[in-house]
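Chains P and W supply the protein sequences, listed in that same order. Numbering-wise (the working numbering), the first sequence opens with residue 47 and increments by one. Numbering-wise (the working numbering), the second sequence opens with residue 1052 and increments by one.
Read the hints as simulated data drawn from the structure, not as lab findings. Just so you know, these numbers come straight off a predicted model, no measurement behind them. Take the hints with a grain of salt, since some may be wrong.
[What the hints assert, rightly or not] No farther apart than 20 angstroms at their CA atoms in a straight line, the calculated lysine to aspartate or glutamate pairs in the DMTMM-like style are these: (1) W:K1123 to P:D341; (2) W:K1123 to P:D358; (3) P:K588 to P:D327; (4) P:K382 to P:E307; (5) P:K239 to P:E266; (6) W:K1123 to P:E187; (7) P:K239 to P:D368; (8) W:K1123 to P:D190.
[Unchecked claim] Pulled a few chain W residues facing chain P out of the computed Cβ check, cut under 10 angstroms: (9) A1074; (10) R1078; (11) R1081; (12) V1082; (13) V1085; (14) D1100; (15) D1103; (16) P1113; (17) M1116; (18) K1123; (19) H1125; (20) S1126.
[What the hints assert, rightly or not] Now the in silico label distances, taken between C-beta atoms and shown as ranges: (21) W:E1122 to P:P218: 55 to 61 angstroms; (22) W:N1070 to P:P600: 56 to 62 angstroms; (23) W:E1077 to P:P218: 22 to 28 angstroms.
Even glycine gets a Cβ: it sits at the ideal position worked out from N, Cα and C.
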Amino acid sequence: MNGSQHILAAFHRHNISTVFGYPGGCIMPLYDALVDDVGMEHVLCRHEQACALAADGYARASGQLGVCIATSGPGATNLITGVANAYMDSIPLLVITGQVPSGLIGTDAFQETDILGMTLGIVKHSYLVDDPEDLPGILEEAIDLAQAGRPGPVWIDIPKDILLSEIEAPAPARTEAPPADCPEIGPALAMLKSARRPLLYSGGGVSLAGAEDRFRTFAEVSGLPGVVTLKGIGNAGRNNPNDLGMLGMHGSRAANKAVDECDLLFVIGARLDDRATGKLDGFAPNARMIHIDADAAEINKLRPADLSLRGDLNAILAALTDAIAAEPLAIDAWQKQCRTWHTTGGFRAADNEEPLAPITGPAFIRQLSGITGDDTVIACDVGQHQMWVAQYYQFAHPRHHLTSGGLGTMGFGLPAAIGAQFSDRTRTVINVTGDGSFMMNAQELATIRRYNLPLKLIILDNQCLGMVRQQQELFYNNRESQIDLDDNPDFVAMARAFDIPALHIERTDQIRRGIETILAYNGPMLLHVAISREENVWPIVKAGASNKEMIDEPRKTNSRKEQVA
Amino acid sequence: MKPNHESASQRYTLNCRMNQEAAALERLCRVVRVRGFRISRMAMESTGDTLDIALTLEGSRPVAMLQSQLEKLHSVAGVELVSDTMARSRSA
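Pulled out of the complex, with its shape left as it was, chain P reads as follows (with noise of 0.2 angstroms):
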């Protein structure tokens, strides 16, 4: 076998059947080998940053390793943006590039770039194949380092003369990786039983460690109240009473008090990231900290934590669980309140009562909440939308929902549906997307009436990029530069283009009939939603600021919304 037929072996060996590519020069060995693999389904996007991000929401959607493959040069240096957004969110890929030839590596040649250099922050792991007879053994290690852990992305730059090169060393054995240890668990017992008011505090380490539902059986059986981060959400499933929501810079009234008053807080698969804390001064100033991580390098990296529990969550969870199941937690008083605080300052949209009322992101995301199944998966882009999508869309299970939590990278949600969409074609896969963000990545509609895959896409349009605005608006002064979107295209007419039938809605009314058609339509469809273009997210924390600084919607006279303080 030669390189290229090493690495389709390799991906057959580890059931990986789908890959997202572009070919190009020096990939072109991989994907002369491709035509005689009937079982590799690749699919081929229109850009290559379409082909990371899709990767990326194949993994996301499906917990299985997403792969992608370009050629060198541009080829690899358009992947840069879906590799930070996959490393950035600990999701597991495999990147595969070619490079020019070995002799040619540092001569400039056409098409070169020294993409190991490029993205070594970036990767959990990168490699630059210099003998062939490395191959087989480097695919292995990758395959397995991108999943193992706290996952990531992987890189393998791979010389079009190793591609092509016969290799006569053999595929390693595979190793399993030995049970994780579960740590002792008696001193966070004792803190859990000594605290008046503990809080739960989950992110999206619950779901890369696979453990959903044991997470779920904890947070039953403890009672504890608990908040989410953005990659946490749907976490605690669709109707959890003890569950208060995201926390942050647009989280809930509710949660940011329940942060604020708790004696304890318990975080889980959690990176205390900025956007969630806030000002870390003013962050949950009365308790202690118990950090439950995969990673031992966030354990103490913002806050200190007073008792860490590394090692697999699944383990640890179960212990506690069982531990608590035999003597429950005496919290009734502060679940209570946490209850009261969740009713009157948890996220509210109420519904327009009148008809020919312009249509509001948060009334639109309650509406689709409630019209689509458990099963659904939204894929979000980035913006104003993708936190009334956070705020107000109740997840029934966390891979259900895909955002670009860390990186924030516009243009993610399209191809990160394509992705999820492969990973399971009879699953409701939608977009939600704004104006500013679908046209990062538009090209992709080719992709979606290539396959004809079943993709829904919503594109909430207010003609601005709203979430600059909004702080343009509330943090400097009102002074708007260069937000203004007027000139967006038709994108009805553009999605037909593209041989894609889509609606134009606009007013409240018709929401509901919207998103009934396009949902019950046999194929891909695009509903275009135009939304007001002064509407904003609420509440707000300025950036650097405590979460205690929340700022609220200012009172209107006919409110559309309540956001009860």
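Add chain W to chain P, keeping to what the hints say.
The following block gives chain W in isolation, referenced to the frame of chain P:
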């Protein structure tokens, strides 16, 4: 955002063992820089498949944070903190 538990600038000596791989030293130096430290002295010796690196660093963030970030690098076999002292003023 800087961690809220920074202290005055200190000098540290770290010994680091790495596997001999592409860009090993670059990975090490990048992490040191990004995590808020400055390299004031560096010595490296290559022995077979490993690199032994002695680093003298200055920084005001907790060195344990840097140590745990370095240990995350796949090519790092071990990191040992040898000493820490208050850094001299740069203008001295």
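Structure-based check of all given hints:
For the given pair, K1123 (chain W) sits about 9 angstroms from D341 (chain P) by alpha-carbon distance, which is consistent with the 20 angstroms threshold. A threshold of 20 angstroms between alpha carbons decides the hint, and for K1123 (chain W) with D358 (chain P) the separation of about 17 angstroms falls inside it, so the pair holds. Distance restraint check for K588 (chain P) and D327 (chain P): the Cα-Cα separation of roughly 15 angstroms lies within the 20 angstroms cut-off, and the hinted pair is therefore satisfied. Among the hinted pairs, K382 (chain P) with E307 (chain P) is consistent with the structure: their alpha-carbon atoms are about 14 angstroms apart, no more than 20 angstroms.
Distance check on the hinted pair: K239 (chain P) and E266 (chain P) sit about 16 angstroms apart at the alpha-carbon level, within 20 angstroms; holds. Of the supplied pair hints, the one linking K1123 (chain W) and E187 (chain P) holds, its CA atoms being roughly 16 angstroms apart against a limit of 20 angstroms. With a C-alpha separation of about 14 angstroms, the suggested pairing of K239 (chain P) with D368 (chain P) holds against the 20 angstroms cut-off. Distance hint between K1123 (chain W) and D190 (chain P) is fulfilled; the C-alpha atoms sit about 15 angstroms from each other, no more than 20 angstroms.
Proximity of A1074 (chain W) to chain P holds as hinted, the smallest CB-CB distance being about 6 angstroms (cut-off 10 angstroms). At its closest, the beta carbon of R1078 (chain W) sits 6 angstroms from a beta carbon of chain P; the interface hint therefore holds under the 10 angstroms criterion. Contact between R1081 (chain W) and chain P, as hinted, is supported at the beta carbon level, the nearest pair being about 5 angstroms apart and thus within 10 angstroms. A distance limit of 10 angstroms between C-beta atoms decides the matter here; for V1082 (chain W) the minimum to chain P is near 9 angstroms, and the interface restraint holds.
The closest approach between the C-beta of V1085 (chain W) and any C-beta of chain P is roughly 7 angstroms, which is under the 10 angstroms cut-off, so the hint is satisfied. Interface hint status for D1100 (chain W): violated, as the beta-carbon distance to the closest one in chain P is roughly 13 angstroms, over 10 angstroms. The interface hint given for D1103 (chain W) is broken, as the beta carbon of that residue sits about 21 angstroms from the closest beta carbon of chain P, more than 10 angstroms. Taking 10 angstroms as the C-beta contact cut-off toward chain P, the hint placing P1113 (chain W) at the interface holds, the least distance being around 7 angstroms.
With its C-beta approaching chain P no nearer than about 6 angstroms, M1116 (chain W) sits inside the 10 angstroms limit, and its interface hint holds. At its closest, the beta carbon of K1123 (chain W) sits 5 angstroms from a beta carbon of chain P; the interface hint therefore holds under the 10 angstroms criterion. With its C-beta approaching chain P no nearer than about 4 angstroms, H1125 (chain W) sits inside the 10 angstroms limit, and its interface hint holds. A hinted interface residue such as S1126 (chain W) counts as satisfied when its beta carbon comes closer than 10 angstroms to some beta carbon of chain P; here the least separation is about 7 angstroms, so the hint holds.
For E1122 (chain W) and P218 (chain P), the Cβ-Cβ distance of about 25 angstroms falls outside the hinted range of 55 to 61 angstroms, so the restraint is violated. Between N1070 (chain W) and P600 (chain P) the CB atoms are about 58 angstroms apart, so this pair conforms to the stated range of 56 to 62 angstroms. Our hint of 22 to 28 angstroms for E1077 (chain W) and P218 (chain P) holds, since their Cβ atoms are close to 27 angstroms apart.
Comparing the model with each earlier hint shows violations of hints 14, 15 and 21; every other hint is respected.
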